[in-house]
Amino acid sequence: MPASLHIGCCGWSYLIEKNFSKQIAHKASSKLQSYAQLFDTVEINSTFYRLPTMTTAQKWFKEAREVNKKFTFTVKAYQGITHINRFGEKSKPIFKQMQEVCHPLRATIVLFQSPASFAPSALNIKKMKLFFSTVDSEELTFVWEPRGKWYEEPQTIIDVCEEFNLIHCVDPFRNEPLVFGRENITYFRLHGFGKPSMYRYNFSDKELEQLNDLTTTCSKKLRHIYIFFNNVFCYENAYTFRDLIVKA
Numbered sequence: 235m236p237a238s239l240h241i242g243c244c245g246w247s248y249l250i251e252k253n254f255s256k257q258i259a260h261k262a263s264s265k266l267q268s269y270a271q272l273f274d275t276v277e278i279n280s281t282f283y284r285l286p287t288m289t290t291a292q293k294w295f296k297e298a299r300e301v302n303k304k305f306t307f308t309v310k311a312y313q314g315i316t317h318i319n320r321f322g323e324k325s326k327p328i329f330k331q332m333q334e335v336c337h338p339l340r341a342t343i344v345l346f347q348s349p350a351s352f353a354p355s356a357l358n359i360k361k362m363k364l365f366f367s368t369v370d371s372e373e374l375t376f377v378w379e380p381r382g383k384w385y386e387e388p389q390t391i392i393d394v395c396e397e398f399n400l401i402h403c404v405d406p407f408r409n410e411p412l413v414f415g416r417e418n419i420t421y422f423r424l425h426g427f428g429k430p431s432m433y434r435y436n437f438s439d440k441e442l443e444q445l446n447d448l449t450t451t452c453s454k455k456l457r458h459i460y461i462f463f464n465n466v467f468c469y470e471n472a473y474t475f476r477d478l479i480v481k482a
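For the sequence shown, my numbering begins at 235 and goes up steadily by one.
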């Protein structure tokens, strides 16, 4: 059986609703409700900067499910865990707060994105091992997006992921996923290319077709494929890609 595809964007705040006026069939009370009529999933990127209150998390879930009963959330880990405390001891109580936010969202996936400055040193690997060996996942699936020099040591990525059942997250146009975890999942984040800002990238139809070919190949051996666009044109690119999948 082919994998289930989950296509969306890293956040909904920048959606320009008038660009999708024909696709948004029901009157929306919020930008999230407009987004949830276009896609079945979203990665909450804002949790990297600030954790929402429980009331806000409950509100988001209610709004999305009112217009899309199948809608799901994934959550990006707060920067206090990955960038400030860098998986150190102070990261653990912060993670506990994140777990509490995941409950009302019914989120089952948490993405940990480590900064490029967090190199694969013995100390950093030890900190990761201490963190992931002591936090209680409570049925959450952990996804890890390493950056920087980790890709010079792919076996180290594999070893860390396999020891703690982490899903290896990549931009598929840049790197190949190395570990899919016991859940047999892959998690793609598409950032774009170019300077001064890669995020201003607009994926071409040819590139989206290449992505389709890649997901078709991956689908034969996986249970779930998550694809999140994280560029300025994320909504347009994700919707075009979703259309491409539907018509294939």
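One or more hints might be untrue.
Computed cross-link-like contacts, PhoX-like style, restricted to lysine-lysine with a CA-CA straight-line distance of at most 25 Å [stated by the list, open to error]:
(1) K361 with K326
(2) K455 with K304
(3) K326 with K303
(4) K252 with K265
(5) K293 with K252
(6) K360 with K324
(7) K261 with K330
(8) K330 with K363
(9) K363 with K383
(10) K304 with K265
(11) K256 with K481
(12) K361 with K383
(13) K296 with K252
(14) K481 with K252
(15) K360 with K326
(16) K454 with K440
(17) K440 with K481
(18) K324 with K293
(19) K440 with K303
It is worth saying that the hints were derived from the structure and are not from the lab.
Verification of the supplied hints:
1. K361 with K326: holds (11 Å)
2. K455 with K304: The hint holds at about 24 Å.
3. K326 with K303: violated (33 Å)
4. K252 with K265: Holds. K252 to K265 sits at ~11 Å (cutoff 25 Å).
5. K293 with K252: holds (24 Å)
6. K360 with K324: Holds: K360 and K324 sit about 15 Å apart, inside 25 Å.
7. K261 with K330: Violated: K261 and K330 sit about 36 Å apart, past 25 Å.
8. K330 with K363: holds (17 Å)
9. K363 with K383: holds (18 Å)
10. K304 with K265: holds (17 Å)
11. K256 with K481: OK: K256 and K481 at ~18 Å, within 25 Å.
12. K361 with K383: Between K361 and K383 the Cα gap is close to 17 Å, so the pair holds against 25 Å.
13. K296 with K252: Roughly 23 Å between the alpha carbons, so the hint for K296 and K252 holds.
14. K481 with K252: holds (24 Å)
15. K360 with K326: Within the cut-off at roughly 15 Å; holds.
16. K454 with K440: holds (22 Å)
17. K440 with K481: holds (15 Å)
18. K324 with K293: Outside the cut-off at roughly 29 Å; violated.
19. K440 with K303: Violated. K440 to K303 sits at ~32 Å, over the 25 Å cutoff.
Hint compliance for this structure: hints 3, 7, 18, 19 are not met, and every other hint is.
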